[in-house]
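*Asks:* If you want the building blocks of each chain, they are given just below.
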Amino acid sequence: MEAGYYAISTIGNKVSGASGAVEVQMSGIAKDDSSEPYTVFNEYVCYRVGAAVGLPLPPGTIAQTADGKNMYVSLRFTTGQTSLPPVEPAVLAADNPDVSAGIVAFDCWVGNWDRNGTNVAYVSGVSGVSIFDHGRTLLRTPDGTGLEGWRDKPLLHDNHVLHGHVDDLALLARWAQRIALVTSELIRDACGTAARLDTCTVAEAQAAGDFLEHRKSRIMDYMTAAQGMLPKVTGWKAAA
Amino acid sequence: MTVHWYVVKHVPDLVRREPRNIGVILIADQEKMSRFLGEQPDGEIDGRTVPQFGNHLVYKAWVKHWRSLLDQGASVLSEQVVAGRGPGASFYIEEGGEQLVGHDERASDEILDDLYATLVRPDSESAVADDVRSLTRRVIRRLGLSRQVQERVRLPVTVGGIPDDIWFDYRYDNGVPHLMQRIGLATSDKATWDRLHLVETNFERLRRSGLLPDFSAITFIKQQHADERLVEAVHGRLAEVTKIVDVSNQDTAASLLSGLLDLHA
Chain A
7 MEAGYYAIST IGNKVSGASG AVEVQMSGIA KDDSSEPYTV FNEYVCYRVG AAVGLPLPPG
67 TIAQTADGKN MYVSLRFTTG QTSLPPVEPA VLAADNPDVS AGIVAFDCWV GNWDRNGTNV
127 AYVSGVSGVS IFDHGRTLLR TPDGTGLEGW RDKPLLHDNH VLHGHVDDLA LLARWAQRIA
187 LVTSELIRDA CGTAARLDTC TVAEAQAAGD FLEHRKSRIM DYMTAAQGML PKVTGWKAAA
Chain B
180 MTVHWYVVKH VPDLVRREPR NIGVILIADQ EKMSRFLGEQ PDGEIDGRTV PQFGNHLVYK
240 AWVKHWRSLL DQGASVLSEQ VVAGRGPGAS FYIEEGGEQL VGHDERASDE ILDDLYATLV
300 RPDSESAVAD DVRSLTRRVI RRLGLSRQVQ ERVRLPVTVG GIPDDIWFDY RYDNGVPHLM
360 QRIGLATSDK ATWDRLHLVE TNFERLRRSG LLPDFSAITF IKQQHADERL VEAVHGRLAE
420 VTKIVDVSNQ DTAASLLSGL LDLHA
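Order-wise, the sequence lines are chains A and B.
Per this note's numbering, the very first residue in the first sequence carries number 7; after that it's consecutive.
Per this note's numbering, the very first residue in the second sequence carries number 180; after that it's consecutive.
Isolated chain B (complex conformation) (with noise of 0.2 Å):
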């Protein structure tokens, strides 16, 4: 397997034109992904980790621009590659490189949290939501499900006779409907604890909406270096609502994960 991927940069100043990495595109066989600067776990742009970019919802334009031309495909993108820089534009994209991977060797997944890693990510940036989600890839790889397993599943449901959208990190459908969240315990910050009380609640308006009646309710953390209140918040609250798979021994949370997918029934 070939993998492509490009990189969009970033000129904060048309005069000085000293651009900045931003974002990785990347391409592998009919596997399309991306990764962009201020990108949440869940795909969402927080605007507030941006502010360099200005007014944010012009950036998620742009985002959201640039995964239409991922879509499109390798074609589409070498094109903007060869176009370069528009007047007076403050993004562009730059063919990034090539890598020739067995397909015994690491995921595309991986790969493109190495490269944003190593070409994009400031300083200031956490990667603990990056530990997470690639643990849990892991694990989900070790059990071989990497492409059963759909990501980022929206859910249109209605609660109490209102509309509402729910997202999940992942969804396998294995005899009953297994949604799944993650969430990084490091840092007792304001965006843990929201993220926490978000996979609570989303898990509690899916069951409130009755679309899914059977489904099964999966959240996986890391439970090693977590902040204490954080863990204990889990499996105080959170337990009650959802499954709880630790992925930081994958062993253990492989084994466990297996049998909560009843995986060989």
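One chain only, chain A, in its complex shape (with noise of 0.2 Å):
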């Protein structure tokens, strides 16, 4: 998410011996396991390498309860006192090409397959776009079977909310481009900090970061092949 959409709500004292820094609390949202397996894993990991792709996701991190518990916390994003409504996928992809195709590509990359209207937030002109509540990504497959059956399916789903909206091939292989630069580093910190906090196992974690490793440079050739999917987009042979 674009800086300057989070509000902080208390500023407290001043902090001895930094210079300038204050204590503040800020909102946020926090989400466990309870309703659907791997959430935090899941958010967390598609928090680190959204992040590295550029993608709007707000700023999150595991936090623990004081019982424990694993919770996966990103910042409230805001523009005033209010949450945005969902998403007209019609006027984000007219007025951010560019971004819309980044999260079909990237929903292609973890397998999300639930894109829809409530979490995306943009409001035009007055936010800048975000998006959240990766849970069903990943670990979490559509029918609860582990990650190697799903690992080469193109994995767009006709209901993505901006799957009727895209248009730019162009850009789609420009967000393709991106996610293969991203870093077996990374993946692997990303899928192994998760897995040393107790929110997977570590066979889990490994076949996440397989996944996403195996994924990362075959996005266009998985969007290619669901080319039905993306009704707008033309030119798909220049692309394969």
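Any given hint could turn out to be false.
In silico lysine to aspartate or glutamate, DMTMM-like type, Cα no more than 25 Å apart, as pairs [as the list claims (entries may be wrong)]: (1) K222/A - D158/A; (2) K243/B - D120/A; (3) K243/B - D101/A; (4) K239/B - D101/A.
Listing some non-contacts, in silico: residues in chain B with all C-beta distances to chain A over 10 Å [claimed, not checked]: (5) M180; (6) G275; (7) V338; (8) V410.
Far from chain B by the CB rule (all over 10 Å, computed), these chain A residues [said to hold, decoys possible]: (9) I17; (10) G86; (11) P92; (12) W119; (13) L153; (14) E154; (15) R157; (16) H163; (17) A176; (18) G198.
If you're looking for bench data, these hints aren't it; they were derived computationally from the structure.
Where a beta carbon is used, it is the ideal one built from N, C-alpha and C, also for glycine.
Mind assembling these two chains? They're in different frames, but the hints should get you there.
*Replies:* Laid out in structure tokens, this is it:
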């Protein structure tokens, strides 16, 4: 998410020894694994790799409650006192074709099967774009099976809020390149960190890392294979 | 007929989680209607009246979203109710209730007005606009025109070569197009005078555009308990561009409107 869309709710005392530093409190949104398994792992890893390619995800991390339970916490973005409504995809795609293409390519990469209007925020003329809710990705496969069977599937879904709105093949190709440039070290670190905090097993983290590694340089192949899911995009042969 | 309604709630403080009603959505057979805090008689949101929502453009976007859900129907609204409040969301929709209404009983818009008045309207919000609106609707209903009269009518025009959109509260075509607006005159404040000027300007701009050469202009007012200077302004200047119908007396108003709409020709 672009800087400038986060609010400080309380300003506290000055921090001694640091120049111009004060304690503050900010609002956050926290999720755990109680509703769906692997939520914390998926949210954290998607944030790390999504931020690495330059997509607008609210800053977040894994935090522990007093009784040691893991939660994924992200800053609550806002343009004031109120949250933003679900996105109007046609407006988003028209105003921000580049980010829209990036969201499609990213979701293809991480296997997001739940990109709906309520997990993209954008109000034309008011806010920047923000994407969130990445629980239904990676280890949380649609049928609950392991990642191996999903590794080479296109994973573009017809319920994707932007699938009928993106239209620029060159932008998709550019985002595919950006995804391919994400380093193995970053992917492994994100998955490993989440595993060390017991959000999943080491084997599961390894599988998620392998999944991202394998797919990152094949995004255009997957999108080309599933081009019917992107009906406004033309010129596929040139890209293939 | 069964009337279903939903209540839109605002959670100003996500920690305290004390919701407040800020809108009503109503579905009755084929009729779909809604009313939200800050909504003006023409359906626009006046951001100045809802400072508690911060950026008024965000609140307008929410209202647009709820209206879009309403257009999609009861099943989509029910899905929203089941989904509840999303993480960090400042607004959510709750099931309100349902009511069986006979065909000769209250109309849906009256029920909506009552629900809004009971569930939503803050003490600070004037009921004057409601008053003129409901009295005007009652007159229209007495003439049996509730379903024929269009509400919130938009006319895309060109005035002096420049595009413009003009909105009217009602339109009824009966040989000629009748464009109608309403205006409350109880308080001599800026909003009322602005509204009066707008009514005058809208008719004037439509005339200059030549879009509807034979249109008839009608304005509903409530003269009872009205501010004297406003009444004088209406009859002194507005009456030059529009017929005036005082809805204070329903019998007189219905008779006058019937003649203006040429219902017995």
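*Asks:* When the structure is checked against the list of hints, which entries are broken? Sort them ascending.
*Replies:* 10 and 11
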